[in-house]
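With chain A held as given, fit chain B onto it using these hints.
Line by line, the protein sequences give chains A and B.
So for the first sequence, our numbering puts the first residue at 1; every next one is plus one.
So for the second sequence, our numbering puts the first residue at 1; every next one is plus one.
Simulated from the structure, these hints should not be mistaken for lab results.
A couple of the hints might just be wrong.
[Unchecked claim] Okay, the calculated bits of chain B under chain A, using three or more residues with CB under 8 Å as the criterion:
no.: 1; stretch: 178–185
no.: 2; stretch: 222–235
no.: 3; stretch: 245–251
Small disclaimer: the values here were computed from a predicted structure and weren't measured.
For every residue, glycine included, the Cβ atom is placed at its ideal position computed from N, Cα and C.
Number of protein chains: 2
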Amino acid sequence: MRDLITSTANIHVKRIRSLVRSRKERHRERMFVVEGVRLVEEALHYQSPASVLYVPEQLQATPRGRGLLSQVERQPNAAPTTPGLLAELSDVETSQGIIAAVPLPLLTPPTLSLVLVLDGVQDPGNVGTLLRSAEAAGVDLVVGLAGTADLWSPKVVRAAMGAHFRVPLVDDVDWAAVRPQLAALTAIYAATQQATLTYDQVDWRQAVALVVGNEANGVSAETLQLAHEVTIPMAGAVESLNAAIAGSVLLFEAARQRRR
Amino acid sequence: MRDLITSTANIHVKRIRSLVRSRKERHRERMFVVEGVRLVEEALHYQSPASVLYVPEQLQATPRGRGLLSQVERQPNAAPTTPGLLAELSDVETSQGIIAAVPLPLLTPPTLSLVLVLDGVQDPGNVGTLLRSAEAAGVDLVVGLAGTADLWSPKVVRAAMGAHFRVPLVDDVDWAAVRPQLAALTAIYAATQQATLTYDQVDWRQAVALVVGNEANGVSAETLQLAHEVTIPMAGAVESLNAAIAGSVLLFEAARQRRR
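With the rest of the complex left out, here is chain A (with noise of 0.2 Å):
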């Protein structure tokens, strides 16, 4: 049996801490933190993690836990905590007890014929959701421009349920550092509320972009300049629908027109 962990000066919990916390501490160390016994898995599945925190008593309580504890056991950076201890490190309400740091995956788009472009999406569990959405249906590169949420918190993880192990990221750059590499597409697209094209008379079998734009005011002057707007019409007396809910409708239909 290891020792357990229960002072916060440990370097595990302090690591795990500050990568939780701040940005600026991820983009600094090049890792993230996961949570929970699905996410921790799918993390060993690709790489060995820096620092494992665990409440074994929590694990042994399911099969899946069991599984998961008999794996971060033979892990050299793991070690067993208390309940008390995680639940300080945790952001979500109730911890399922384990927590890790772990590298930002190293990933490449093969090639780009359906690139996600996030223009100020500020919504932590919308960034998270479009991230699962673009997995799906197909998407070669997610950009989150600066003016996004983080694409590495932990809010943003939890909700893309493991996309952030598979679909190439770039996150916090602006149009001028992105451009050249999305020269080779044909076209890119931005969502708007007013637009006299609708989504489903864009071709999106050429190698395209699609930009998502702010919750309250759409994307930036920049990206209208650059990209051609299309819409989704709308019944009813609506204004405009949840951006995670606009950029997957948008994205199923690229993924639709792509299987015929």
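Same frame as chain A, now just chain B:
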């Protein structure tokens, strides 16, 4: 100037508090609670509220708030209150300075051509987002089967962005009660993960119901007996989509086909 309400024994305070907290109370009184400038504006547009509490100095801070303030000051059941008392009633972290209790709208669908059935959707944010998408996609009726989050809870109302005033809703019923109402439909489709029928192979121009199930367990066994299963093909290693995303992708495919 009306008297400032500072006591939690005031009738408006008591009414709003019990309606915020209790589903039973909402059903008994046939009323629900709306919060914030935009939703109270909408409520006033459709009907006369039973109670309005507002913080004048907070509403005065914005042009839109000032417009609403002059409206509510003419309402018989509206009274100014303190920020502290409003914060106690509020379901949100930062109140916009206005909250109201309004009667449940009595809406009946003119026709039944596209019906959304929620079968155990648990997260109020998902339910509200689905109501917002349902309105935008032209849904005639939303049915909340027993086991679904209360369609009239404050969190659902907030996420639905006014759909409650415009989309007919039937809450807390079982299939036995709702089937006769849906007898004229051509088919019922349920979103599941393993179906062989993909959602874009369905003719959504027929009169149909779409069933969206629980976030973890999908639709109920009873639904599976009544419905054809449809699935959204997914790339990557994604196991499932968020329930609100999956439902919205299906609803907007229906809307897309119906525009043609």
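Tested hints:
1. 178–185: violated (count 0)
2. 222–235: holds (count 4)
3. 245–251: holds (count 3)
Of the numbered hints stated above, the single one contradicted by the structure is hint 1.
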